[in-house]
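Both chains are sitting in their own frames, so use the hints and assemble them into the complex.
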Amino acid sequence: MEVRPEVLFILLGAAILTFLPRVIPLMILSRFELPEWAERWLSFVPIAVMAALIGQELFLHNGEWIPIGSNLNLLAAIPAFIVAIQTRSLLLTVVTGVLSLMLLRLWL
Amino acid sequence: MSSETRSIPAGEKLAEQDSFLQGVKDCVPTLLGYLSIGLAAGVVQKTAGLTITEIALLSLLLYAGSAQFIFAGMIAAGSSPAAIIFTIFFVNLRHLLLSASLSPYFRHLSVWRNMWVGSLLTDETFGVAIQQAVTRKKLGERWMHGLNVTAYLNWLIANLAGAMLANWISNPEQYGLGFALPAMFIGLLVLSILGRGKLKLDIAIALIAAAVAIGSALLFSGSMGIIIATIVASTIGMAVDKRWK
Chain A
1 MEVRPEVLFI
11 LLGAAILTFL
21 PRVIPLMILS
31 RFELPEWAER
41 WLSFVPIAVM
51 AALIGQELFL
61 HNGEWIPIGS
71 NLNLLAAIPA
81 FIVAIQTRSL
91 LLTVVTGVLS
101 LMLLRLWL
Chain B
1 MSSETRSIPA
11 GEKLAEQDSF
21 LQGVKDCVPT
31 LLGYLSIGLA
41 AGVVQKTAGL
51 TITEIALLSL
61 LLYAGSAQFI
71 FAGMIAAGSS
81 PAAIIFTIFF
91 VNLRHLLLSA
101 SLSPYFRHLS
111 VWRNMWVGSL
121 LTDETFGVAI
131 QQAVTRKKLG
141 ERWMHGLNVT
151 AYLNWLIANL
161 AGAMLANWIS
171 NPEQYGLGFA
181 LPAMFIGLLV
191 LSILGRGKLK
201 LDIAIALIAA
211 AVAIGSALLF
221 SGSMGIIIAT
231 IVASTIGMAV
241 DKRWK
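Chains as they are written, first to last, in full-length UniProt numbering: chain A, 1 to 108; chain B, 1 to 245.
Some hints could be false.
[Said to hold, decoys possible] Restraint ranges, calculated between C-beta atoms of paired labels, are given here: (1) Ser70/A with Lys138/B: 43 to 51 Å; (2) Gln86/A with Leu218/B: 31 to 39 Å; (3) Thr53/B with Asn62/A: 26 to 34 Å; (4) Ile66/A with Asp241/B: 28 to 36 Å.
Quick caveat, the hints were computed from the structure, so don't treat them as lab data.
Where is the CB? At the ideal position from N, CA and C, for every residue including glycine.
Chain B on its own, in the form it takes in the complex (with noise of 0.2 Å):
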């Protein structure tokens, strides 16, 4: 942490960063954002006419905001199994981009601990992650668990305390809470921003991603959307890049 001031040696400090610990205390800044979707999900999913129980499996197996709210929409609608799955994987492939974007920073793991870094990885955890990754060349195994944990736990708790919500407020974004969430993606992006001096490159290539993000979503769909503004702006910004070492 760049406040950290008093002086520690190498070692420690490495170790320090690496802790479980460390990882939940990093993962504080995005509670309140997925606490107020995990609500909102936890209220949808119950006035779909799921089960607590089945909400409880949805938060620890699917473990994917929008993929939850289409769960519970399409079964509410009374739609094919297949048609739900497939639907689902096409929302939840942009995790090929972040977990390709992760692996460089643990070359360090075996192949199984690795599919353990990436069986809990989402925005949030990623976008805190690749922040941390700006200023080293590796990340701790046990400070990434220290934060998926954080958030999965977080996950579902919020599920489960919207459903049971769910008898009293139908719409708990009203209150402003639903900001939560792009509100953490703006930090998250103005921190990746500020620590790559890349400033202007990096500033045109987030104006590019999200332009065709809106665009393509009203062409197609929301999560095609996202999948094809990171496909072309990370082009452009690969082809553009000179400063690249």
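Chain A extracted, bound-state conformation (with noise of 0.2 Å):
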């Protein structure tokens, strides 16, 4: 059960500067209604940041380009898209897209 004092205090700094931007927009933005530009600004955020995390977990690894030819997440990505439109299940599509790229290395 050891904690080393000064990963303690690493931990610590980083765990309050990380608390902040979690909070600190609910705890401000709920308060009064937001400028009309404003939420129609924020209703494109989920979207944005879905796609942007899906983009680089596609497309780089190790903040590298992988080249397209050998890109297995990219061939894995096809049925999870398809089985996201066809079902809207999420379940559905995280089993789809690990079975897919479990046999496309078997196989590839």
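Given below as structure tokens:
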């Protein structure tokens, strides 16, 4: 049950600075009506964030571009997208994606 | 839930949607994705020389996947405390956008209750919550806690399991499990877009966001890329969207 003081110090500093951006907008912005343009802007944030995360996950590995010809992630994403659109089920999408990549690794 | 066919009074339905248990249930589809990442994080943190207690504290207090990978890597590399704290702060700045985006749905709560709602906010719980929000004006506090706490415990368990597994496996991603996370985001993205009725615009915005995220990740860093992509794509969306009421 060992915790080194220096690790704890860094951990607490990082935890506080991670906590604040999580809670401050919810605490402040929920108090008043945002202007129309701001709500419109925020309505695109979820799609932009998800798409940005997907883009990086599919095309990059450790910050490096994966050559399209050897990008199995991209191939596995195709059935995942199709299942997501057809079934609208998060769980089936995840299972499809994982199985697809597993099979692709076995075959290729 | 759309599969719910039996008719129930509006009040009861609302109460059911706002229950802690419903939040737990709505979290289930995301568990596998974060289990695999948590396992990987546990392995990495253990092999970076962190103790089990330190890993548990990281999972509970920091509670952020990429930040924990960075923490482990920078500790192992002997980086200065200031450099580690600043880097993690920067990586987690995207939570500002997620938190702001959820804020209209929690207007009915007090400032302090909103603090608790936001304290366990992650990409995954945000994705589930905002997808629920498509069909309503506000989100339930108990529902959000059910969602958040389930994800939180899953994350802790996965990290600890990964730390214990570190002695046997060095690369848990090799079995395709690493794809659970992108697949989950694919599901969340598709569900968000299909629920909004702005198909063409949303697809265009998503493609722009993905392209900018990749480009700026190659130029700067991954987390910087997410922030830049979100700001650029949302601004274009705001400017182009004419059908807003």
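Each hint, compared with the structure:
1. Ser70/A with Lys138/B: 43 to 51 Å: holds (47 Å)
2. Gln86/A with Leu218/B: 31 to 39 Å: holds (33 Å)
3. Thr53/B with Asn62/A: 26 to 34 Å: At roughly 29 Å between Cβ atoms, asparagine 62/A and threonine 53/B fall inside 26 to 34 Å, so the hint holds.
4. Ile66/A with Asp241/B: 28 to 36 Å: holds (33 Å)
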